[in-house]
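Student: Each chain, letter by letter, is given below.
There are 2 protein chains.
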Amino acid sequence: MSFDYTVNQECPETKARVGEFTTPHGRIKTPIFMPVGTKATVKTMSPEELKEVGSEIILSNTYHLYLRPGHELIEEAGGLHQFMNWDRPILTDSGGFQVYSLSDSNEITEEGVTFQSHLDGSKHFIDPEKAIGIQNSLGADIIMAFDECAPYPAEKEYVEKAVARTTRWLERSIEAHARDDQALFGIMQGGMHRDLREKSAEEITEFNLPGYAIGGLSVGESTEKMLEVLDYAPELLPEDKPRYLMGVGTPIDLFEGIMRGVDMFDCVFPTRVARNGAVFTSGGRITVRNATYKKDFTPLDHECDCYVCNNYSRAYIRHLIKRNEILGLRLTTYHNLHFMLDIIHNIREAIKEGCFLEYREQFYNQYGVEK
Amino acid sequence: MSFDYTVNQECPETKARVGEFTTPHGRIKTPIFMPVGTKATVKTMSPEELKEVGSEIILSNTYHLYLRPGHELIEEAGGLHQFMNWDRPILTDSGGFQVYSLSDSNEITEEGVTFQSHLDGSKHFIDPEKAIGIQNSLGADIIMAFDECAPYPAEKEYVEKAVARTTRWLERSIEAHARDDQALFGIMQGGMHRDLREKSAEEITEFNLPGYAIGGLSVGESTEKMLEVLDYAPELLPEDKPRYLMGVGTPIDLFEGIMRGVDMFDCVFPTRVARNGAVFTSGGRITVRNATYKKDFTPLDHECDCYVCNNYSRAYIRHLIKRNEILGLRLTTYHNLHFMLDIIHNIREAIKEGCFLEYREQFYNQYGVEK
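If you're matching them up, the sequences are chains V and S in order.
Heads up: the first sequence begins at 0 in numbering that gives the first Met the number 0, then just goes up one per residue.
Heads up: the second sequence begins at 0 in numbering that gives the first Met the number 0, then just goes up one per residue.
There could be a bad hint or two in this list.
The list treats identical chains as interchangeable, and a pair is accepted whether it falls inside one copy or across any two copies.
Result set (BS3-like, lysine-lysine): computed pairs, CA atoms no more than 25 Å apart in a straight line [unchecked claim]:
hint, residue 1, residue 2
1, Lys-129, Lys-294
2, Lys-294, Lys-122
3, Lys-50, Lys-198
Hints were generated in silico from the structure; no laboratory data involved.
Full structure from sequences and hints, please.
Tutor: What follows is the structure, given as structure tokens:
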């Protein structure tokens, strides 16, 4: 099938745009935020709850699924959608980032990467062909090329080599890709170097893929540094294809990325902080497990109309989290995802109505963050 | 208000009966199984899910709520129903059983019990007046008298004294009870001794309470021993009042208790084993975390029509539980509670249709248990 991307509206004052991407499991509206379901489950959430909070697409991690329960098992189950009872689009990453960041040791050669499992120390080898083969087995709607993500900081020479290798591995990824019902996205690398980002973009866009990602950001650099790259990087990618900023972000990151031309985001941040008892509110982030909220019988966010804010108090949620009760983690996760997807929805509406910057200003003023 | 209990139908072959008990938060049908929400939450479940699986009433523990977050806080929140977002009936125990079984040390006198919190070792004193006062603050529909539950095994002389004290403490509990929108139930003690059970029943039923419980069972004795007591104990209590067997049971316990005249049950067993990956099926209990189910793409129970069995495979649930994913615990808990409440529902229907023993035989044959 063809993976069509249509830009329906552009913001006159910024590079923000509203569009639609078609996949075998339905269309997704962009800009979009993808909740992360690392091990074939978005932690604490049921698929029905993910839909309630407005998730149109989720991300799952190839590295984790390859190790446990194994991609063959998931293929035998009928694919990832069937296995985890999720009938909307899924994106899988290539496993590359985890191989570099999570495994106990790894050795990178032109052929591929040898790494040790962080679970049991067992040795594994992954290369572009295998990364794509695993993703073909999992059966996500969007799959990612196997790239080399240079660490941060790194010598420019190293980053340059990683860019060149990423291009060669992209060619092998495309060659290995065996399913036309999955869209293969290429990944731009280049670290914090504009010339390398340009080189990478030039090389990968030659392949005319259905979408492109910006990799190698949110890897330890400052927000200023990241935004510096985002000031030019999205525009190096084709206008008529979705641009996916990997592993980002926070509520603020959404605004900052979208106004610079980013269409897709994923991040564990909203769900991870939720499990530590931190929740987003229209007035800023609060840590609901703090003693301040012991007798606070108001909702997490008085401006929010989600299931959690309609039915539970900060005092109750604090009690649950202090007592390690699972319902506490469910409620904070539910609320934070609803918050993220509500922002994304509002941003889309604001772009359509030509008032994106106004909405951003209004959100920032209330949320309490410097612009 | 008055707490009416109506027996609608009796089983001609056994002592089983079907009835209805009226509370301020609605009527409950008996026989009933009450899921346990120790700390103001039935572990892993939302209130909506509890309703989906058929919970008409839940139990919560006074001892735990008294220690954390404190009954004053819950009263300030508007009571336990409001605090935990549960609008159906609730029963709270008196805290007595936990004081004897959970606290680090305790000293029992005629006045009350001094005990150390199992959480932080802090010293506390509880007596009938305080146990009822706490329960008045929590605001459950059914509250329990403060009793002395003798350990098992114990000298008969000790049990006899506990029976007498339980009666004196019942009188003080009744005296202290200050809310007429809560039904106060008395508790029969007497260990495994028929004469003491008779004495206890005789003394507590004098007070003409809206319901009575059988305490001091499932405290470490064998199933045979428990059933021996249940052969006569329920009938020592008034026919026109609900009889509640505290802290019991398993699927089999439901059948065995009901045929002996028990109307109400509560137990952490179905939810606790669920969190260890054990689930009830029509063919018996299975441990879904076992390797046998690694590639088993069938539902937990092929005869079950619950949300979990309609949407997930044993292989997926095993994967979630092996990876410590919260959704795994949610799914096994949901299924086990559905299983228990489905049995209870079927038993009620079977009693009404006069085929209780047939249903029991059919269930046992399939579940694989000796009668």
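Student: Are the hints correct? Go through all of them and say.
Tutor: For each hint, the structure was consulted:
1. Only between protomers do Lys-129 and Lys-294 lie at most 25 Å apart by alpha-carbon distance; the minimum there is 22 Å, versus 54 Å within a single protomer.
2. When the C-alpha separation of Lys-294 and Lys-122 is checked against a cutoff of 25 Å, the pair qualifies only between copies, where the shortest distance is 24 Å, while the shortest distance within a copy is 52 Å.
3. Taking the shortest Cα distances, Lys-50 and Lys-198 never come within 25 Å of each other, neither inside one copy (39 Å) nor across copies (58 Å).
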